[in-house]
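A.B. asks: One-letter residues, chain by chain:
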Amino acid sequence: MTYQFDFGAVLQYWPMLLQGAETTLLMSFWSTLAGFVMGVACAIARSSGGPLLRRAVGAYVEVIRNTPLIIQSYFLIFGLSSVGFTMSILTGAILALVINITAYTCEIVRAGIESVPRSQREAAECLGLSPLQVYWHVILVPALERVYPALTSQFVLLMLVTSLLSAVGTEDLFGISGNIQALTFRNFEVFIVLWVVYLAMSVLVRGAFALAGKVMFVRRRRLGTLL
Amino acid sequence: MNQEQILYLIEGAWGTLLLSVLTFAFSAMLGLAIALMRVSDNRIVRAGAFGYINIIQGTPLLVIMGICFYGPSILGFSATSALFAAVLALTIHAAAFLGEIWRGCIESVPRNQWEAAECLGLNRLQRMFQVILPQALRIATPPTVGFMVQIVKNTSFASLVIGFAELSYNAKILNNSTFKPFLYFGAAAVLYFIICYPLSWLSLKLERKLTLARS
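Protein chains in written order, with my numbering: chain C, 1 to 227; chain E, 228 to 442.
No lab work stands behind these hints, which were simulated from the structure alone.
Note that CB positions come from ideal geometry on N, CA and C, so glycine has one too.
Mixed in with the good hints, there may be bad ones.
[What the hints assert, rightly or not] Computed Cβ-Cβ distance ranges for the label pairs, DEER-style:
| id | chain 1 | residue 1 | chain 2 | residue 2 | range |
| --- | --- | --- | --- | --- | --- |
| 1 | C | F5 | E | S335 | 40 to 48 Å |
| 2 | C | F5 | E | I237 | 40 to 48 Å |
| 3 | C | R55 | E | A306 | 47 to 55 Å |
| 4 | C | Y3 | E | L347 | 29 to 37 Å |
| 5 | C | A210 | E | G275 | 18 to 26 Å |
| 6 | E | E231 | C | L183 | 53 to 61 Å |
[What the hints assert, rightly or not] Listed next, the stretches of chain E that the computed footprint assigns to chain C, with coverage defined by at least 3 CB atoms under 8 Å from CB atoms of chain C:
| id | region |
| --- | --- |
| 7 | 307-314 |
| 8 | 395-403 |
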C-alpha cells in the first residue's frame, strides 16, 4: 500500500462540513416532524376512515413503499419545475422526504393501532370515557408508545437517506462533500470523514428520540415497564 | 416515448434486477454469518456482530458506496468495476439488516427446542443446522421477502456515486436529453413497482399464513 492518506486536506474545510451537517439535521427535523403528523393522520384514516379514504391512503402507501425515493424525488422536483412550478431546492427536497416518510410512518402507526386489543376499547367505553378520550388515551397514545422503537429506527434511516437528495442539488452534508472532493481530489478521505460524521449524527438522533420518548410517554416514565 | 427509449429503460431494469439478485445472494450468506455470530456463545464474536450491525445501520448507503468505490484502488486493486463496487456496498449494507432480522427469527424459536436438541445429544452445530434453523426459516421467510423490496429499491443508490447504469440512472439520462420528467420517471416508477409489488404482496400473504398457523 503506497497511498498517502491526507485527512488534513479534507478537514481544513470543516466549516463546510459543519454547515452541511446543519442542513442535514434541518432537513431531517422538518421531514420527521411533518412526516410524523401526516403519518399518524394517514394511519387514523386507514384504520377508521370510510372505505374510499382507506383505499386511497392504501394506494398511496403501496405506491410509495414500492418505488425508490430517488425516483420519487426526481419525479416530484424535476416534474414540478417542468410544468413551471418552482420552489427552492431545500423545500422540494423536504417535500419529497415528507411524502416518502409519511407512507412508512403510516404503516408503522397503523400496526400499532391494530395491536390494541378490542377489550381495552370496550373497557374504556364501560368506564364512561367519551369517544375522543377513548381514542386518545386508550388507542392512539399506547399504540404510539408500542411502535416508538420502530418509528425511531425509521426516522434514523430518514436522517441517513437525506444524503440521497444531494442528487437534486441540496447542500446537505453529502452534497457539500462533493465540493470538497472537487477541491481536494481526496475522495476516499472525504468518505471516511463523512462516515464518522454520519455515525455521530445517528447516535445523536437516536439519543434525541430516546429523550423525546421519555418526555412524551408519561406512563413509561413513571412505571418504566413495557406496554 | 419511442421504442428505443423504452428498450433503454428496460435495459436499466435489467441492471436493477442483476444488482438485486447478486446483492441478495451475497448478503444472504454474510447476513446468515452475522445472525449466527449474534447468537454465539462467545462474547467477543457476539460483540463483533453487534458492532457491525450498529455501525452499518448508522451509515448512509451512499457513504458505503463511496468507500467501496474508492477504497479498493487504495488497497492496490486496480480499476474497480462499477458492478463490483455496487454489489459490494449493497451487500455490506443489506447483510447488517438481514443479520438483525434473522437473529430475531432464530431467537423466536422456542427455548425448549434448544433444550430438547441438547437432550438428544446433538452438538452445537447439529442443533443449529438440524433443529433451530429449519424452524427459524419458516418464521424468517415473510420478513426476508419483504426485505428484498428494500434491496431492489436500494440498488437505485448505485446510480449516484458509482454511476452504475441501472433503471434510475437510465431514466435520468433520458430525462436529461429530452426533459420530460413526468414521463420517464413515471415509467421508471412503474417498472420498479412491477418488480417490487409482487414481493410486497407475497411477503404479506406469507405473514398472514404464518400467523394463522401459529395461532
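A.B. asks: Each of the hints needs a verdict: does it hold here or not?
C.D. replies: Against the structure, the hints come out as follows:
no.: 1; hint: C/F5 with E/S335: 40 to 48 Å; result: holds (44 Å)
no.: 2; hint: C/F5 with E/I237: 40 to 48 Å; result: holds (43 Å)
no.: 3; hint: C/R55 with E/A306: 47 to 55 Å; result: holds (51 Å)
no.: 4; hint: C/Y3 with E/L347: 29 to 37 Å; result: violated (54 Å)
no.: 5; hint: C/A210 with E/G275: 18 to 26 Å; result: holds (25 Å)
no.: 6; hint: E/E231 with C/L183: 53 to 61 Å; result: violated (39 Å)
no.: 7; hint: 307-314; result: violated (count 0)
no.: 8; hint: 395-403; result: holds (count 4)
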